[in-house]
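Now for the letters of each chain:
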Amino acid sequence: MDLDNLIIGLLTLPLVAAAGTLLLGHYENLRDGFSVATGLVTAWMAFQLFAAVQDGMTTSVVIAQLTPSLALGFSPEPLGALFALVAGSLWPLATLYSVGYMRGAHEKNHTRFFFFYAIAIHAAMGIALADGLFTLFIFYEILTFSTYPLVTHKGNADSLRSGRIYLGILVSTSIAFLFLAIFATWTLTGSQNFVLGGFLADHLDPRYAPILLGLFAFGIGKAALMPIHRWLPAAMVAPTPVSALLHAVAVVKAGVFSIVKIVIYVFGTDYLLQTGASTWLIWIACFTILVGSFVAMSKSNLKARLAYSTISQLSYIVLGAAIATPLAVQGASVHILMHAAGKITLFFCAGAIYVAHHLSDLKDMDGLGRRMPITFACFALGALSIIGIPPLGGSWTKLMLMLGALEADVMAVVFVLMLSSLLSLYYLGQPVLRGFFAKAPDGDESYAEAPLTMVIPLAVTALASIALFFYVDYFIPSFDIPALDGVLP
Amino acid sequence: MIEHAPILQIIIPLLAAPLAVLSGRRDIAWLIAMLATTASFLLSVHLFSIVHMLGVSITYELGNWPAPIGIVYVIDAANAYVMPVISGIAVVMTYAARTLVEQEIDPRDQTLFYTAWLLTIAGMMGQVATGDAFNIFVFLEISSLSAYALVAMGAGRDRRALPAAFNYLIMGTLGATFYVIGLGLLYMLTGTLNLADLAARLPMIGDTHTGFAALCFIALGLFLKMALFPLHFWLVPAYSTAPSAVSALMAATATKVSVYVLIRLLFGVFGVDFPGMLDVVAVVLLGLGLIGAFAGTIAAIMETDLKRLFAQSSIAQLGYMAIGLGLGTKAGVTAALIHLFNHALMKGALFLAIGALVAQLGTVTLASIRGIGRQAPMTSAALLFGGLALLGVPMTAGFISKVYLISAQIDGQAYIVAGLTVISSALALVYVWKIVEALYMHERPARAVKVTESPAQWLGAWILVAATIYFGVQAETVVAAASQAAGALISGVQ
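Here the protein sequences come in this chain order: A and B.
Residues 1 to 489 in my numbering are what the first sequence lists, from first letter to last.
Residues 1 to 494 in my numbering are what the second sequence lists, from first letter to last.
Pulled out of the complex, with its shape left as it was, chain B reads as follows (with noise of 0.2 angstroms):
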């Protein structure tokens, strides 16, 4: 059975979703989910361990059907280490959906809910684990689906999440359309599918107009979904009207499945030596995010809307990755990958302690959450420490990524670079103590209402923030597990 490890990962939140709105029950969905992403987690859990203690990468064959033939899931090194991120921030979110779905969403719906959740984490699984370039297609329209409906159910708590969801859709749309659409001209170019085959055959088409459009589209495509600066428009309602949950699964994982899968396809399938790669794609990443860093940043700080306004940290953060990714090195892939990581703690973190606010304070505002420190210490606390790790505040996990990211810059020479990284790194103090001042700089004005905490509210976000910490100190496992993973793209291409 445990041979089966590549495929039951993603096999059983595909198969726990039917199970979920059969159920009819929302305390059993829920524990079917929970089950399933559980599962999920040790299998990749598993897999990480082999891949990482033996240096070995496998391949399993989906119906036994052997490449280029059949459709084959590799676990190399580089998504034996995006996995198990993806799918224990499931957990963790599966667990603190409960609480807030019971909350923020219609009882009626709410089987649907956790269907339509275990299709979008499956989904984000699958384009981990496939080594099939068309199936990440596949599973990238069955996440992207689920997703849109998951923010629309927004629409009890906040209409603005239809026309969110809508416009998510249509961007969404276009980013796959655009992939598959590169994806024809590969096809068209080297007649296969497969990613190892695809970088086998085509440092032998050489320097083509078709292969540099195909390059081109998939790029772009895949900037649409991962909200690269200035395609980043529709992450913002999205994620500040979807439900917490939604909110808080997207924002710690979409954007950076994304982000794997781009980096799949550049360096391990394209490769660095491909035309047009360093001059042109890795340099429109390079300027795209450094300026998606200033711009997200200068917008988080002008947000008083706090789920806003670290949504649009994120499109900073993602210009982070994206310069990583655009100085086309091995340091700057492993800063990106570190940063993909610890990324994924501290935003979960922060959105979670937002919803634990959302159902007592209705919009979380700067205004709303003022002087709540001493009502809900807890929860305040969280935002601290996500926000302090956002700073990238030494012991904190942001610093690692921070540390990875200038070392990689500076040992690309890009010094300018690097002092511009830390410009806009600094400014994120603004937007992170405008909230520290509003949560415990003020008394709670006398007519607000009064907050209150459980555990069961606070205890996704903390560890969260427990992991952020503890990877804050402890970095060793990841930083060479992000090394070994970047390693195996960047000589993928051979």
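If we strip away everything but chain A, and leave its shape as in the complex, we get (with noise of 0.2 angstroms):
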């Protein structure tokens, strides 16, 4: 299949199964069936895209004129292509586990809900493609609005106070921050198309960088950088699927790769180190990452711990963006697809604990591993990897920005990063530690696991983050940023 075709699918897929969900309504097993299936060949359409641009193809498809000067365009390149495939693998498995969670949780409106997951994807896709910071800026609209629906989906008053919180915090940021850095851009260069190296630097007086750079970095809210990461975990609100595809995975990761993709595409690796410009970001994401550690120790409700790391996590992109070095580039990109086959694991875990148990603070949550051994072992699978331990995919990624961080001369970065993975042992190594060994206040033993189709997708992606490990070589973006002396594994 063609390039172009590829883009077509991957963008219209979703949308055929959210048109699907809504046609096949009233006939459930039809219904979620259909959406699987969809998935799967998304997936592999995502597949085929990520192989062929990583051999160097591109293409370019413009699917409307908006005015004369703005074009709704795609274009892939290994980075977009990378997070199409994060979002486009991770999707079929985590619709087939919301199928299980949205039963066993006996919540209502599934039709609204997977339609909305559908819609949530295809923006998603078209982040993943955009051409250009317009065409971008417009899918991740689209994305924030499409979620609101899910966030609020248990229309009680918490989750419309944490609706108004989420939405009130990324489209505010979104419009007054990254509506105008995008303009500024515009006006200054008189371009916004995606320019491999970057199309500021001979228009940019480079005292002005770090204020542009600081509307991007704040306007784009789903990174949650502190301090405007607050909509995160209010929308944990939602079900546990939404928490686990669209905030450990689409959403935050559009956010994180936005700015990656700014800082590649827009102004260049090579102009941010000349100039310095951002250096104050690789502070402020060091503040996140320490920060939300220690917010994630302090919390027991599970879900609210990982939403804390997912936040601590998401600023490792943001730095590895930040120090701009091609090593440290090239591990934030990678850690989009580490930290996402982690953490949807560790929220498919948290999940499938409600749903088979009915449980989400950890107090309660001693000897649970000996009745759900599977769930428990790959929470386990997943904490590694997001610790960085081998032999898993997240301890690549760490190295990486930790040999970037040497590359740039910043030390503390690497303490910082060290201090982390501490940090993350103890607030990820305590759910298993007494899961497995404390001892049950009712003294149950029984096995208790949650549904199947919960079940097989955790399995499959804490298996995916050992695979990982070994086969890092192949999803490393290959963008030719000079100076990469063979450091790589």
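Quick caveat, the hints were computed from the structure, so don't treat them as lab data.
All values derive from a computational prediction rather than experimental measurement.
All C-beta atoms, glycine included, are put in the ideal place defined by N, C-alpha and C.
Some hints here could point you the wrong way.
What the hints assert, rightly or not - Label-pair restraints from in silico Cβ distances:
{"no.": "1", "chain 1": "B", "residue 1": "G156", "chain 2": "A", "residue 2": "G155", "range": "33 to 41 angstroms"}
{"no.": "2", "chain 1": "A", "residue 1": "K108", "chain 2": "B", "residue 2": "L278", "range": "55 to 63 angstroms"}
{"no.": "3", "chain 1": "A", "residue 1": "A105", "chain 2": "B", "residue 2": "G287", "range": "53 to 61 angstroms"}
{"no.": "4", "chain 1": "A", "residue 1": "A105", "chain 2": "B", "residue 2": "G156", "range": "49 to 57 angstroms"}
What the hints assert, rightly or not - Under the rule of at most 27 angstroms between Cα atoms (straight-line distance), these lysine-lysine pairs were calculated in the DSSO-like manner:
{"no.": "5", "chain 1": "B", "residue 1": "K450", "chain 2": "A", "residue 2": "K108"}
{"no.": "6", "chain 1": "B", "residue 1": "K434", "chain 2": "A", "residue 2": "K108"}
{"no.": "7", "chain 1": "A", "residue 1": "K439", "chain 2": "A", "residue 2": "K363"}
{"no.": "8", "chain 1": "B", "residue 1": "K434", "chain 2": "B", "residue 2": "K450"}
{"no.": "9", "chain 1": "A", "residue 1": "K154", "chain 2": "B", "residue 2": "K450"}
{"no.": "10", "chain 1": "A", "residue 1": "K363", "chain 2": "A", "residue 2": "K154"}
{"no.": "11", "chain 1": "A", "residue 1": "K154", "chain 2": "A", "residue 2": "K299"}
{"no.": "12", "chain 1": "A", "residue 1": "K439", "chain 2": "A", "residue 2": "K299"}
{"no.": "13", "chain 1": "A", "residue 1": "K363", "chain 2": "A", "residue 2": "K299"}
{"no.": "14", "chain 1": "B", "residue 1": "K434", "chain 2": "A", "residue 2": "K154"}
{"no.": "15", "chain 1": "A", "residue 1": "K154", "chain 2": "A", "residue 2": "K108"}
Both chains are given apart, each in its own frame, so use the hints to dock them into the complex.
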């Protein structure tokens, strides 16, 4: 299949799934089966696209001409194809998982749920493949609005309040900062299409570069940099599959992906390295990493803990982009994949525990690991990957980020990363240890796993974290950033 | 026959007005109105295609009397762009008016309603088409007087319509009077009322107090008519108490016509080089536009009555147009003209959607629409999409407006203005989302009226919603036409 068709397919298949969900609304099994099947085709196409783009192929597709100077266009490159791969391949797994969760937890309005779930994936694909800032912005906004009904799915007062925080922060930052930053870029350069190596260098006085970068970094609220991270814990009121796919993978990764993309394709890493315009962002990211970890330690609600862990981990990616050396940027890019695989496993496990035992607080999970061995084993694998311990995928990216920091001569960052690993060892290790080794309060040791539709997806993503350790090479985006002297594995 | 198109598009609704009352039956009166507005729309589209395809302007001499003795209608890129907007909206509104009028207006008054309705439309079309400054005043009065009557017809449902119409009358008359005073001064200075003649002679009179006074009177009069902050107090009660069809028509078109006349006179006749133009009038427009954008948005956030809420939001949206004009550049005028079109679509859709609910709910408030998302899905979705467009969400026409307004500001190096504009537009999220939450996020209270809907009720709103989305994705034509229109207006100076 040629590249143009792959792009069109990746963009339209989620819409097909959404339409099918509506049409088949009355036949539950058919409707959910259709979603999963469409998801599998999407995943296959995402792999095809990634492989082709890694081989250096590229193309450009224009869907609509919005105005004489603005088009809705798409053009894949390795980083975007990687993000499309992450979103596309985890979608069918998450859909399968959602089927188990939504039925097991007795949630209502399944059709609406799967409809907006698919629309959100469509938006994520649009972000991944966008050929310029405007297309990216358009899909960024669609993603925000399409996930709102998912966040407020329960419809009670609590979810409404969280929904307001979610939408309020994401929309206002994007309109107030991101929109303005895009315009500033467009006005300065007369262009808004992504170019490898950036196109700002000759147009922007380095004195103003930190300001523009700041507008982008804080305008992309989905990256959850402190202090605009509040929406992410608020969004945890959503059903767990939403937290798993969207608030650990698609939505937040869309945020950090956009930042990495803008660093590489708008500013250019050379420009940032020469001017030092992104130095301040390094420290904001470090701050977010550490504070996020500390807050995570203090949370005893499992989902809240995972949410703050996500905030902390997202800043790894922002950090890599801000350091801007080749290794750091590649580490950041691959971390999108590694963290996605790890964190979705953890959320899947949290949801499985909730469906099987209606527990969400860590204090109540003593000894639960012996009743749900698969779930807790997978939780352990996901946790180890995020902490960064071999042989799990996350270890590579942490190493690459550290080497990147050394390359840029910022030793402090290395210490921050090490400290953060230790902290995550505590807050992610604790649930595993209590689950397996603590004494259950009621002494019940009978086997009680979640439904198979939930256990299979979480086992697949957990094993994927191991596989990613051995096949990391394949996933490193092949952009030709010079000065890569074979430091890589 | 077709060469008379410039005048026919006005004469047809004007002559259809007495026919509507003579017909004596409300369905025939509606049919007459429908035919007349459709004819007017087709003619204006015809003129638009000639002017924009061939890049010419058409001069039509009334009774073959050449200017400056006779009155001429000059259809150039600017008014050829505005007229299809007015007449097209008029067609959709007339279609939708049928059900709304049956529900809200006393059967005995319905033929009179269509008469006043046609007169308003003819008056608005006339103001846009004419090339004569005094003729503008005549049509302004035709459209305003019939609009006062239309607003007052809301009294059957809501007695507050009467004081609202009275207020509107007083303020509207003040505005028209200021305009005529300014015109008198201009006539004294130049001896002509023909717009092209005025534009040619005004530069010769140089820097005089009389000229500046004329500029101020005309600008002030039109500020009143277009409801620029703080001269907007007539608008909110008038829109919220008028019959729904009237609110929809006026919200979509009435103030837009005044915006057009303002652009025509300020940029086309006085010109940006006129003494006091950029340093006084433009600055006032920019400043009041910004304050209006915030004041309207904040007032809309406070409102609970949906008609009042969207009327307040109109103040903010007019503020954006004023900001565009206040930049005094071609890009700014282009942005204002684009928004003029887009805002007509989305406000029309919103008010029609509210109209579909009025008959069932009485006053449409945030409390009374709680949970109707399931009972009236099409009407609710029209409100949702209209609201998203107002917010400037991508893929809606509102986004295109915002793109051009912000780029005009950055282009004119008005960075602070650009920052304030985006902040005020982000604030709109609050009132739009209050409505979305009320529609979808609550259960319908058990004792509340069960809402029903039929295609006849929502089709009008959905035509406009579809247009909002279409012109959000394919904006090339609009942008090109608006840019040509702005070019025609600004180059009219020489």
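So, going through the hints one by one against the coordinates:
{"no.": "1", "hint": "G156/B with G155/A: 33 to 41 angstroms", "in the structure": "holds (39 angstroms)"}
{"no.": "2", "hint": "K108/A with L278/B: 55 to 63 angstroms", "in the structure": "holds (60 angstroms)"}
{"no.": "3", "hint": "A105/A with G287/B: 53 to 61 angstroms", "in the structure": "holds (55 angstroms)"}
{"no.": "4", "hint": "A105/A with G156/B: 49 to 57 angstroms", "in the structure": "holds (52 angstroms)"}
{"no.": "5", "hint": "K450/B with K108/A", "in the structure": "holds (23 angstroms)"}
{"no.": "6", "hint": "K434/B with K108/A", "in the structure": "holds (23 angstroms)"}
{"no.": "7", "hint": "K439/A with K363/A", "in the structure": "holds (12 angstroms)"}
{"no.": "8", "hint": "K434/B with K450/B", "in the structure": "holds (21 angstroms)"}
{"no.": "9", "hint": "K154/A with K450/B", "in the structure": "holds (23 angstroms)"}
{"no.": "10", "hint": "K363/A with K154/A", "in the structure": "holds (25 angstroms)"}
{"no.": "11", "hint": "K154/A with K299/A", "in the structure": "holds (23 angstroms)"}
{"no.": "12", "hint": "K439/A with K299/A", "in the structure": "holds (21 angstroms)"}
{"no.": "13", "hint": "K363/A with K299/A", "in the structure": "holds (11 angstroms)"}
{"no.": "14", "hint": "K434/B with K154/A", "in the structure": "holds (18 angstroms)"}
{"no.": "15", "hint": "K154/A with K108/A", "in the structure": "holds (8 angstroms)"}
Checked against the numbered hints above, the structure breaks none of them.
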